[in-house]
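Chains as they are written, first to last, in the working numbering: chain A, 76 to 189; chain B, 23 to 134.
If you are wondering where the hints come from, they were derived from the structure by calculation, not from laboratory data.
Check each hint, because a few of them may be wrong.
As the list claims (entries may be wrong) - Calculated pairs, EDC-like style, for lysine to aspartate or glutamate (alpha carbon to alpha carbon, straight line, at most 16 angstroms):
(1) B:Lys58 x A:Glu105
(2) B:Lys92 x B:Asp76
(3) B:Lys92 x B:Glu36
(4) B:Lys121 x A:Glu105
(5) B:Lys58 x B:Asp80
(6) B:Lys90 x B:Asp80
(7) B:Lys121 x A:Glu134
(8) B:Lys121 x B:Glu36
(9) B:Lys89 x B:Asp48
(10) B:Lys121 x A:Glu177
(11) B:Lys92 x B:Asp25
(12) B:Lys121 x A:Asp101
As the list claims (entries may be wrong) - Here are the simulated distance ranges between beta carbons:
(13) B:Phe31 x A:Asn175: 27 to 35 angstroms
(14) A:Gly78 x B:Met75: 27 to 35 angstroms
(15) A:Gly115 x B:Ala63: 18 to 26 angstroms
(16) B:Asp25 x A:Asn140: 25 to 33 angstroms
(17) B:Asp38 x A:Asn137: 39 to 47 angstroms
(18) B:Thr45 x A:Ala157: 29 to 37 angstroms
By construction, the Cβ of each residue, glycine as well, lies at the ideal position given by its N, Cα and C atoms.
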Amino acid sequence: NAGVTQTPKFQVLKTGQSMTLQCAQDMNHEYMSWYRQDPGMGLRLIHYSVGAGITDQGEVPNGYNVSRSTTEDFPLRLLSAAPSQTSVYFCASSSSGRVNNEQFFGPGTRLTVL
Amino acid sequence: GEDVEQSLFLSVREGDSSVINCTYTDSSSTYLYWYKQEPGAGLQLLTYIFSNMDMKQDQRLTVLLNKKDKHLSLRIADTQTGDSAIYFCAEIYGGATNKLIFGTGTLLAVQP
Numbered sequence: 076n077a078g079v080t081q082t083p084k085f086q087v088l089k090t091g092q093s094m095t096l097q098c099a100q101d102m103n104h105e106y107m108s109w110y111r112q113d114p115g116m117g118l119r120l121i122h123y124s125v126g127a128g129i130t131d132q133g134e135v136p137n138g139y140n141v142s143r144s145t146t147e148d149f150p151l152r153l154l155s156a157a158p159s160q161t162s163v164y165f166c167a168s169s170s171s172g173r174v175n176n177e178q179f180f181g182p183g184t185r186l187t188v189l
Numbered sequence: 023g024e025d026v027e028q029s030l031f032l033s034v035r036e037g038d039s040s041v042i043n044c045t046y047t048d049s050s051s052t053y054l055y056w057y058k059q060e061p062g063a064g065l066q067l068l069t070y071i072f073s074n075m076d077m078k079q080d081q082r083l084t085v086l087l088n089k090k091d092k093h094l095s096l097r098i099a100d101t102q103t104g105d106s107a108i109y110f111c112a113e114i115y116g117g118a119t120n121k122l123i124f125g126t127g128t129l130l131a132v133q134p
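Okay, chain A solo, but in the shape it has when bound (with noise of 0.2 angstroms):
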């Protein structure tokens, strides 16, 4: 299993300019979620989905928007990226038959905002 995988791994977007965020799992796990991590502040639950077809919002939605078309991925889109964006940011997926909820992350993806 390659468990979770990110795309790209670096990215530098010019304000305004949109983008999408790859993600994908081969665990065949239903929780997805998507967390940005800046300094200081710990990770911040963006957006997640607890199946194909199912998203919902986290703490700080806005801006970011997500689709779960498959189990396997789930992409998280910047329509019009703003300075405010640039972090890492993280996918993560859990299987509700674990019982510790363990979530597995990828490796991340650094945007820059310029």
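Let chain A serve as the given structure and place chain B on it in line with the hints.
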């Protein structure tokens, strides 16, 4: 929203014990977690404790939970340089199975 707080930095000498502390706010959390993040990598689950437990030991790791004070700690015995990383505590928010609230993270620096 919910806040999970940690001290930002801890420095210890190799071979000493490290204790990383965390306070959380959601008393209904069923599980509390410690995740480890090494430089340039994602987070990995280090250990967890169920809310009806006071202590859990796993090799060099000891987790203590004080539900009355909503305080969680992670003790690493015989700390090694490979333990240098950022450690995050996390709680499940509102009973949902995949909504985690993370602390701010504690950077553990192990001096040789």
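How the hints compare with the structure:
{"no.": "1", "hint": "B:Lys58 x A:Glu105", "verdict": "23 angstroms, violated"}
{"no.": "2", "hint": "B:Lys92 x B:Asp76", "verdict": "11 angstroms, holds"}
{"no.": "3", "hint": "B:Lys92 x B:Glu36", "verdict": "30 angstroms, violated"}
{"no.": "4", "hint": "B:Lys121 x A:Glu105", "verdict": "13 angstroms, holds"}
{"no.": "5", "hint": "B:Lys58 x B:Asp80", "verdict": "15 angstroms, holds"}
{"no.": "6", "hint": "B:Lys90 x B:Asp80", "verdict": "23 angstroms, violated"}
{"no.": "7", "hint": "B:Lys121 x A:Glu134", "verdict": "10 angstroms, holds"}
{"no.": "8", "hint": "B:Lys121 x B:Glu36", "verdict": "35 angstroms, violated"}
{"no.": "9", "hint": "B:Lys89 x B:Asp48", "verdict": "10 angstroms, holds"}
{"no.": "10", "hint": "B:Lys121 x A:Glu177", "verdict": "11 angstroms, holds"}
{"no.": "11", "hint": "B:Lys92 x B:Asp25", "verdict": "11 angstroms, holds"}
{"no.": "12", "hint": "B:Lys121 x A:Asp101", "verdict": "21 angstroms, violated"}
{"no.": "13", "hint": "B:Phe31 x A:Asn175: 27 to 35 angstroms", "verdict": "28 angstroms, holds"}
{"no.": "14", "hint": "A:Gly78 x B:Met75: 27 to 35 angstroms", "verdict": "28 angstroms, holds"}
{"no.": "15", "hint": "A:Gly115 x B:Ala63: 18 to 26 angstroms", "verdict": "19 angstroms, holds"}
{"no.": "16", "hint": "B:Asp25 x A:Asn140: 25 to 33 angstroms", "verdict": "27 angstroms, holds"}
{"no.": "17", "hint": "B:Asp38 x A:Asn137: 39 to 47 angstroms", "verdict": "44 angstroms, holds"}
{"no.": "18", "hint": "B:Thr45 x A:Ala157: 29 to 37 angstroms", "verdict": "32 angstroms, holds"}
Violated hints for the displayed structure, listed by number in ascending order: 1, 3, 6, 8, 12.
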